[in-house]
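A.B. asks: Residue 1 is where the sequence shown starts when you use the numbering used here, and the numbers rise one by one after that.
The set of hints was computed from the structure by calculation and includes no laboratory data.
Do not rely on the hints blindly, as some may be mistaken.
Claimed, not checked - Label-pair distances were calculated between CB atoms; the ranges are:
hint : residue 1 : residue 2 : range
1    : 493       : 232       : 46 to 56 Å
2    : 249       : 538       : 16 to 26 Å
3    : 465       : 423       : 18 to 28 Å
4    : 493       : 226       : 33 to 43 Å
5    : 333       : 253       : 19 to 29 Å
6    : 139       : 285       : 16 to 26 Å
7    : 519       : 487       : 41 to 51 Å
8    : 121       : 469       : 14 to 24 Å
Glycine included, each C-beta is placed from N, C-alpha and C at the ideal position.
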Amino acid sequence: MTRLWNDPADFADEMIDGFVAAHARYVRRVTGGVVRAAGTTPGRVAVVVGGGSGHYPAFGGLVGPGLAHGAAMGNLFASPSAQQVHAVASAAHAGGGVFFAYGNYAGDVLNFDAAQERLRGEGIACATVAVTDDIMSAAPAERHRRRGIAGDLAVFRIAGAAAEAGYDLDGVARVAALANERTRSFGVAFSGCSLPGADAPLFSVPPGRMAVGLGIHGEPGVAETDIPTADGLAALLVDALLGEIPDGVEASGARVVPILNGLGSLAHEEMFVVYRRVAHLLAAAGVEVIDPHVGDYCTSFDMAGTSLTLLWLDDELAALWDSPVDTPAYRRGATAAPGPAAPAPAAVIPAAPSAAPAAPPGDEASRRCAATVVDVLGTLSATIDANVAELGRMDAVAGDGDHGIGMQRGARAARHAAAEAAAAGAGARGTLLRAADAWSDRAGGTSGALWGVILGRIAEHLGDTGAPDAAAIAAGVADAVRAVQRYGGAEPGDKTLVDALLPFSAALSRAVGDGAGLADAWPLAAAAARAAADATADLVPRRGRARTHGRNSVGTPDPGAHSLALIATAVGPVLAARPSERTPS
Numbered sequence: 001m002t003r004l005w006n007d008p009a010d011f012a013d014e015m016i017d018g019f020v021a022a023h024a025r026y027v028r029r030v031t032g033g034v035v036r037a038a039g040t041t042p043g044r045v046a047v048v049v050g051g052g053s054g055h056y057p058a059f060g061g062l063v064g065p066g067l068a069h070g071a072a073m074g075n076l077f078a079s080p081s082a083q084q085v086h087a088v089a090s091a092a093h094a095g096g097g098v099f100f101a102y103g104n105y106a107g108d109v110l111n112f113d114a115a116q117e118r119l120r121g122e123g124i125a126c127a128t129v130a131v132t133d134d135i136m137s138a139a140p141a142e143r144h145r146r147r148g149i150a151g152d153l154a155v156f157r158i159a160g161a162a163a164e165a166g167y168d169l170d171g172v173a174r175v176a177a178l179a180n181e182r183t184r185s186f187g188v189a190f191s192g193c194s195l196p197g198a199d200a201p202l203f204s205v206p207p208g209r210m211a212v213g214l215g216i217h218g219e220p221g222v223a224e225t226d227i228p229t230a231d232g233l234a235a236l237l238v239d240a241l242l243g244e245i246p247d248g249v250e251a252s253g254a255r256v257v258p259i260l261n262g263l264g265s266l267a268h269e270e271m272f273v274v275y276r277r278v279a280h281l282l283a284a285a286g287v288e289v290i291d292p293h294v295g296d297y298c299t300s301f302d303m304a305g306t307s308l309t310l311l312w313l314d315d316e317l318a319a320l321w322d323s324p325v326d327t328p329a330y331r332r333g334a335t336a337a338p339g340p341a342a343p344a345p346a347a348v349i350p351a352a353p354s355a356a357p358a359a360p361p362g363d364e365a366s367r368r369c370a371a372t373v374v375d376v377l378g379t380l381s382a383t384i385d386a387n388v389a390e391l392g393r394m395d396a397v398a399g400d401g402d403h404g405i406g407m408q409r410g411a412r413a414a415r416h417a418a419a420e421a422a423a424a425g426a427g428a429r430g431t432l433l434r435a436a437d438a439w440s441d442r443a444g445g446t447s448g449a450l451w452g453v454i455l456g457r458i459a460e461h462l463g464d465t466g467a468p469d470a471a472a473i474a475a476g477v478a479d480a481v482r483a484v485q486r487y488g489g490a491e492p493g494d495k496t497l498v499d500a501l502l503p504f505s506a507a508l509s510r511a512v513g514d515g516a517g518l519a520d521a522w523p524l525a526a527a528a529a530r531a532a533a534d535a536t537a538d539l540v541p542r543r544g545r546a547r548t549h550g551r552n553s554v555g556t557p558d559p560g561a562h563s564l565a566l567i568a569t570a571v572g573p574v575l576a577a578r579p580s581e582r583t584p585s
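Based on the provided sequences and hints, a complete structural model is requested.
C.D. replies: As structure tokens, then:
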């Protein structure tokens with residue numbers, strides 16, 4: 001279990017601060033993560049990697065000469081927010097464009113894509129490769145749906161080497177995509193991992209048994225079997241990977257980089273026993289082993305487990321792989337010392353994040369509504385605080401167990417930002433928009449991005465003059481539904497937040513359309529959300545991380561839908577007592 005923390009909600013930030021303090025020779029802290037202390041060579045492509053915290057040495061430990069120029073580091077097992085990714089990329093960019101690489105998870109795709117579009121709007125060229133190496137997470141015909149696990153290292157290193165060699169942005173993206181196409185991984189675990197503050201692991205494995213096909217975010221395996229001998233495990237891993245050799249590759253005579261990765265608490269001595277047999281089996285298949293790796297490269301806190309990755313080389317990949325690397329946690333060959341930080345133009349690397357612009361002032365009626373917004377967010381935050389452990393437990397059934405912590409961070413940040421905006425005289429729209437930005441930035445992950453969208457869309461219907469009526473609020477919720485579906489791609493029945501949000505919106509609009517005021521319409525909508533959220537227990541997930549585990553989550557409601565229903569129920573009394581209901585404007 002994870003034993004040392006202060007406030008679990010602050011763990012990721014405090015970990016990054018400590019990492020930077022320990023490795024100031026290599027990295028410096030920027031909003032959202034770290035960049036190279038010495039900066040990016042002017043005109044070179046900046047390679048920015050990232051993902052949730054809890055996987056050290058991924059992702060910050062891989063920043064340095066020969067590898068990444070920056071790492072966006074999100075909350076525990078949650079993607080960094082779009083704001084964090086944008087900040088890190090802006091700090092790393094030096095005129096040659098930005099190349100992004102990260103594991104193929106819904107939250108990472110949403111947030112990195114949003115940051116990429118913002119950068120392109122600012123005139124910065126970008127390209128992306130999402131890593132899809134885990135053979136157990138989707139069939140070969142759906143490789144684009146596979147998740148990224150320890151194969152991250154292979155793709156990141158090839159991209160970093162290409163950038164160091166002076167490849168342009170298109171060239172870096174091309175060889176990174178080639179490395180991804182030629183990388184396959186397969187993992188097992190003997191125990192789950194525990195998030196800071198949790199009193200139980202995200203999943204458990206019975207004594208003498210082994211989870212097969214697990215993820216790196218504490219997701220349980222897709223199957224379970226007896227623990228084999230070390231030689232038996234080596235055969236299981238090698239046979240699975242040799243059974244899916246990349247197109248155009250023949251095993252006999254091929255060159256391959258094997259990476260036997262520890263997931264956090266498996267002894268290296270045990271891994272060496274396994275690798276001894278891995279090496280024999282690869283040699284028997286006629287494979288030439290290049291630069292074998294045995295160690296911890298992409299972990300999952302204290303999980304006991306291992307994965308085997310094979311990167312199948314061609315001449316270009318082999319030459320790039322042979323280049324030197326020097327980062328806090330990963331070194332190969334000899335590079336020049338990183339040296340002191342090099343000053344960069346303020347236009348390229350801002351010294352500090354700029355303060356958010358002041359929210360526009362509101363008139364008296366809108367300021368009263370802004371006070372209600374603050375009250376709503378206070379109740380919302382208290383509701384999440386009271387249910388954070390249960391939300392994490394529900395999420396751990398088939399996911400990564402971070403939903404409670406992520407919602408807590410987002411709700412607290414939104415409450416604080418709204419209180420500041422309202423105290424400065426902002427109207428309802430400005431107050432809620434500030435809360436939306438704070439939520440998505442601090443929470444990260446899929447839920448952070450989607451709750452930012454929800455609050456932002458509702459805010460646009462509140463205005464900064466006058467007090468919105470029930471129809472305006474219903475219209476804002478309906479707009480939020482459309483935006484969430486467009487942004488996240490989920491449909492009813494996918495077992496996501498949408499399964500509760502859509503019935504909530506429909507019931508609210510129907511009641512308001514029939515002439516009900518908000519005090520009467522909202523409880524009806526909340527009841528619809530509760531019933532719909534409960535009904536997700538019977539669904540098989542079709543999107544998100546739980547999709548990989550199929551029927552594992554049947555019997556447990558979707559945590560995103562459940563948290564929305566909890567919030568809708570709790571804030572109803574606050575909205576029923578809002579000034580615009582008591583005193584018509």
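A.B. asks: Look at each hint and say if it fits the structure.
C.D. replies: Outcome of the hint check:
no. : hint                  : result
1   : 493 x 232: 46 to 56 Å : violated, 40 Å
2   : 249 x 538: 16 to 26 Å : violated, 43 Å
3   : 465 x 423: 18 to 28 Å : holds, 19 Å
4   : 493 x 226: 33 to 43 Å : holds, 36 Å
5   : 333 x 253: 19 to 29 Å : holds, 26 Å
6   : 139 x 285: 16 to 26 Å : holds, 23 Å
7   : 519 x 487: 41 to 51 Å : violated, 31 Å
8   : 121 x 469: 14 to 24 Å : violated, 35 Å
In summary, the structure is inconsistent with hints 1, 2, 7, 8 from the numbered list given earlier, while agreeing with the others.
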